[in-house]
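The listed protein sequences correspond, in order, to chains A and B.
Residue numbers for the first sequence follow my numbering, beginning at 1 and rising by one.
Residue numbers for the second sequence follow my numbering, beginning at 116 and rising by one.
FYI, nobody ran anything at the bench for these hints, they're computed from the structure.
These numbers come from a predicted model, not from an experiment.
Ideal placement from N, C-alpha and C gives every residue a C-beta, glycine not left out.
There's no promise every hint is true.
Residues from chain A that keep clear of chain B, each with C-beta distances beyond 10 Å, as calculated [said to hold, decoys possible]:
| hint | residue |
| --- | --- |
| 1 | E18 |
| 2 | L43 |
| 3 | K62 |
| 4 | L74 |
| 5 | K78 |
| 6 | E102 |
| 7 | G109 |
Computed spacing ranges between beta-carbons, pair by pair [said to hold, decoys possible]:
| hint | chain 1 | residue 1 | chain 2 | residue 2 | range |
| --- | --- | --- | --- | --- | --- |
| 8 | B | N133 | A | Q41 | 26 to 36 Å |
| 9 | B | L190 | A | T38 | 39 to 49 Å |
| 10 | B | L190 | A | T98 | 26 to 36 Å |
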Amino acid sequence: DARVTQTPRHKVTEMGQEVTMRCQPILGHNTVFWYRQTMMQGLELLAYFRNRAPLDDSGMPKDRFSAEMPDATLATLKIQPSEPRDSAVYFCASGLGTGVDEKLFFGSGTQLSVL
Amino acid sequence: SQQGEEDPQALSIQEGENATMNCSYKTSINNLQWYRQNSGRGLVHLILIRSNEREKHSGRLRVTLDTSKKSSSLLITASRAADTASYFCATDDNQGGKLIFGQGTELSVKP
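Between the sequences and the hints, there should be enough to build the whole structure, so can you do that?
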């Protein structure tokens, strides 16, 4: 059963530490999205890629966040240095890359707590 | 920035009743999608309606779209306790591919 895999599922860290979240998109999907979910802001789009190229990362704080796709099977989201306000659930989603009418498949998320 | 806004924020009903959730959006779209999220899990795609469609059905789900009012509704008929979840609408940015989600409606179905 094809699914998006995210690791780790939970991460607790101290302020100032580097955090790396990983995502394995569904094989054959060529779009990858990173979303952040909080009670206050809901689901915010941080960045998305098509064919490993970043298309839009305007939702991401550039000074501390970075997103990359080293290869087609791995997407990473890094926060350096982390801050308590970064505490949230981070979701990765992938899609076939059809553009119009594309539906997304979500991972189970990484729950991040920055103390 | 938020594109879709759901209404109500929370809805509590008895099993067997129908649940209706509404979504309003701001700019023109190619399609509108509804997703479901169970507590502690990722979102799951439910249904997609294109901008040139007015109504679509899938099992117990019925979605309507009114592009003149920039609004959509999701109706779940004969609800079950297992339908308890948060429901989100999502719209594209009319440039293809980028989905923006609303704040969601939290549905509770009591047995």
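Honestly, which of those hints from before does the structure not fit?
Violated hints (numbers, rising): 2, 6, 7, 9; every other hint is consistent with the structure.
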